[in-house]
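**Q** Here is what each chain is made of, one letter per residue.
4 protein chains.
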Amino acid sequence: MTSLFERLKTAAADAWQAYTHHEFINQLEAGTLPQAAFRHYLVQDYLFLLQFSRAYALAAYKGQTFADVAKGQAGLLASLEESELHVRLCAEWGISREEMAATPEHPATVAYTRYVLDTGMRGDLLDLHVALSPCVVGYSEIGKRLAPAIQQQPDHPYAEWISEYASEEVQQLAAEAIGYIDHLGERFLSEARFENLAQIFATATRMETAFWQMGLDLGQE
Amino acid sequence: MTSLFERLKTAAADAWQAYTHHEFINQLEAGTLPQAAFRHYLVQDYLFLLQFSRAYALAAYKGQTFADVAKGQAGLLASLEESELHVRLCAEWGISREEMAATPEHPATVAYTRYVLDTGMRGDLLDLHVALSPCVVGYSEIGKRLAPAIQQQPDHPYAEWISEYASEEVQQLAAEAIGYIDHLGERFLSEARFENLAQIFATATRMETAFWQMGLDLGQE
Amino acid sequence: MTSLFERLKTAAADAWQAYTHHEFINQLEAGTLPQAAFRHYLVQDYLFLLQFSRAYALAAYKGQTFADVAKGQAGLLASLEESELHVRLCAEWGISREEMAATPEHPATVAYTRYVLDTGMRGDLLDLHVALSPCVVGYSEIGKRLAPAIQQQPDHPYAEWISEYASEEVQQLAAEAIGYIDHLGERFLSEARFENLAQIFATATRMETAFWQMGLDLGQE
Amino acid sequence: MTSLFERLKTAAADAWQAYTHHEFINQLEAGTLPQAAFRHYLVQDYLFLLQFSRAYALAAYKGQTFADVAKGQAGLLASLEESELHVRLCAEWGISREEMAATPEHPATVAYTRYVLDTGMRGDLLDLHVALSPCVVGYSEIGKRLAPAIQQQPDHPYAEWISEYASEEVQQLAAEAIGYIDHLGERFLSEARFENLAQIFATATRMETAFWQMGLDLGQE
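Chain order of the listed sequences is A, B, C and D.
Note that the UniProt record's numbering numbers the first sequence so that position 111 is 111, with each residue one more than the last.
Note that the UniProt record's numbering numbers the second sequence so that position 93 is 93, with each residue one more than the last.
Note that the UniProt record's numbering numbers the third sequence so that position 206 is 206, with each residue one more than the last.
Note that the UniProt record's numbering numbers the fourth sequence so that position 128 is 128, with each residue one more than the last.
Treat the hints with care, as some may be off.
What the hints assert, rightly or not - Stretch-level coverage of chain C by chain D, calculated; a stretch enters the list once three of its residues show a Cβ under 8 angstroms from a Cβ in chain D:
{"no.": "1", "stretch": "112-124"}
{"no.": "2", "stretch": "176-190"}
Claimed, not checked - If you only want the chain A side, here are some residues facing chain D, beta carbon under 8 angstroms, derived:
{"no.": "3", "residue": "P104"}
{"no.": "4", "residue": "E105"}
{"no.": "5", "residue": "P107"}
{"no.": "6", "residue": "A108"}
{"no.": "7", "residue": "V110"}
{"no.": "8", "residue": "A111"}
{"no.": "9", "residue": "R114"}
{"no.": "10", "residue": "Y115"}
{"no.": "11", "residue": "L117"}
{"no.": "12", "residue": "D118"}
{"no.": "13", "residue": "M121"}
{"no.": "14", "residue": "T203"}
{"no.": "15", "residue": "R206"}
{"no.": "16", "residue": "M207"}
{"no.": "17", "residue": "A210"}
These are calculated hints, taken from the structure and not from any lab test.
Glycine is no exception: its CB is placed at the ideal position from the N, C-alpha and C atoms.
Produce the entire structure from the sequences given, and follow the hints as far as they go.
**A** Following this line, the structure appears as structure tokens:
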């Protein structure tokens, strides 16, 4: 049976393609992405993760049962842990935690993160997780597709990033996110809502695309 | 066709009966309700209206379209106007605005108002309006049922209160609220949600019952 | 220096006394509290903990920094773990998780929990933690004061409950909560806010008192 | 005495200059702004107003008193009325309400609007109104500064827009917004908060700048 996530992706096929095959990703795959672009991306992604951890906290707040709250708590904990991984990755690139925390958020960072938070607060758990899904699932799709690039080129400059998102753990988290959206769909989805959910999904996907574009643009300055 | 509101009322038939036929209302109808009970009720109802106006503001915040926001705005304006009517009614009973504002909220006041606000914030517009409906529709039902009492007894001590809630305007607002829940149901209701909505409706109804009981209890102190 | 918590407690001295020396607690200390009262309390406290875990999730959502979010996450995790402890304690009293989850929330449970959640959502982190504090700190005060009762009476019927809240761990959590309110006060407190915070604290304390009273009342039915 | 708004503007002087003297505004003043740029701006501004009306609804929800709620209600009503004015202005440019409602929100529109909404929900009334102020006050500053341009050039292509924001009514609303922030400052401001408020103000101002840039960019496509 087609998952709700697949239906949403199909409804936003062009936006999804633009996001997951963005020039930033193409250059990252080829190893030709300017390091300045990648560094700007890394710093903004740190600021992004703070807001994403708040989004998982919101998911816990929105829970109806202990199981819902515990699910949100797990996502919150995972995003806090991911931010620590991120700090270590950035340290290897010579970017300190203090430098990241002191960097102003770019409009593209603000756009996606606050869109997720506001969509989740305005709507219900299903709205929130649909808005989160382009990030969670998109990164896993990109990681999987780019994995061969680092097998062919062992000294690939972005090997660590690619291997992280190609990892079994990330693939597993994405599969769980897809399954959880189906679970929430069974509880909350009326067919009349689909169009609105598809709009949320498409908007969130477009905000991700703008996030890649920001990386490219800042890398050229 | 059965309205969604009717389905919810049927699912909570005992709670609805306990609320709309509470001893406070029976005594109010008979004109035997102690004035102290009525006065305590009036003061708490003023505190209640502040939170209810916030709930309609929340409905506007939760809107997806200008029409949704405007609908919330209309409810917000109406509840602010109702609070001014309330101030005038209380002035006739010798209760000043300052006295009311300085009175601590009773747990029963806190329970219903914050239940509505939290239910609406956690869930969606449908959850919010279902939680509001026992108040809006229940008062109109009670007003209509009690109207003969003041026709038979022109110097009924609670004539003004009864005539307000029996008024064409209040009956009309209740009919609109029922219609609006149907409208929201068409947009947001999945059958899987019904049980949860029924629980919200029943809980809100029980909180209204506790509010009447507070009036009786405080009147005996 | 006087902690902000002490200032709030002093400003609500009567309400604090009424809460921490409530008849429910006096009878619990003496071991004369009817078991039915205690059982009703236990069931409602389980429903209470679900909402409290949501309140800690809200604290994480409200965070401005990773440290704030992590602090909320720790509280959320602790409250989820406390609910599991609670399930085990209730099992010893023959009360199953299913029975608790199926019990309707009493108005007193709704009043305190939703007051905390709404106060926190309407205001800031300081408002939220002030509203949470009568629970966290009050239980530790009560536990400490009642500890001698179980030393003198080894077969005290409520030994397990008293020893839990008298435990070093709970005392430590309360001390941390007091310290955290000071920390938040340094960030967010203007003297103009004190009166409002004192009202929040007093209201939350009164809601706790109503929660004990609920236990007594239900135990007599 | 220096208003809190002036302090915030001074702390973000460069960002304020970049926003209020953006190339979009310079070209608009000179009448050389491409009509395509202005049209894209108008459409996005309509989508912007929907979210802004939600932000005023949030202000009403966040109120502590009837006066606070009524203040939010007035802002909500004004923003709904502004959206209707906007629809009429757009009709003159041949843009229908349906066309606007069907246009996807640009990331720059999402960024500013959701930043305001999330900042207000996370924080308190002061945070919310500080985040709203670059829009309310900035437009009035720009309108006033550009007013001579339409006096000198009666057939100025953007005369209607300039005259609207130069109007006495808009100048008055901005003065009230500045005064209201002072009022909120007296209630909620601790000096420890100033730095954070300044960051909110600067971020909101930068998001406004990105909104003008969006107009320029879309006009060139």
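**Q** Honestly, which of those hints from before does the structure not fit?
**A** none
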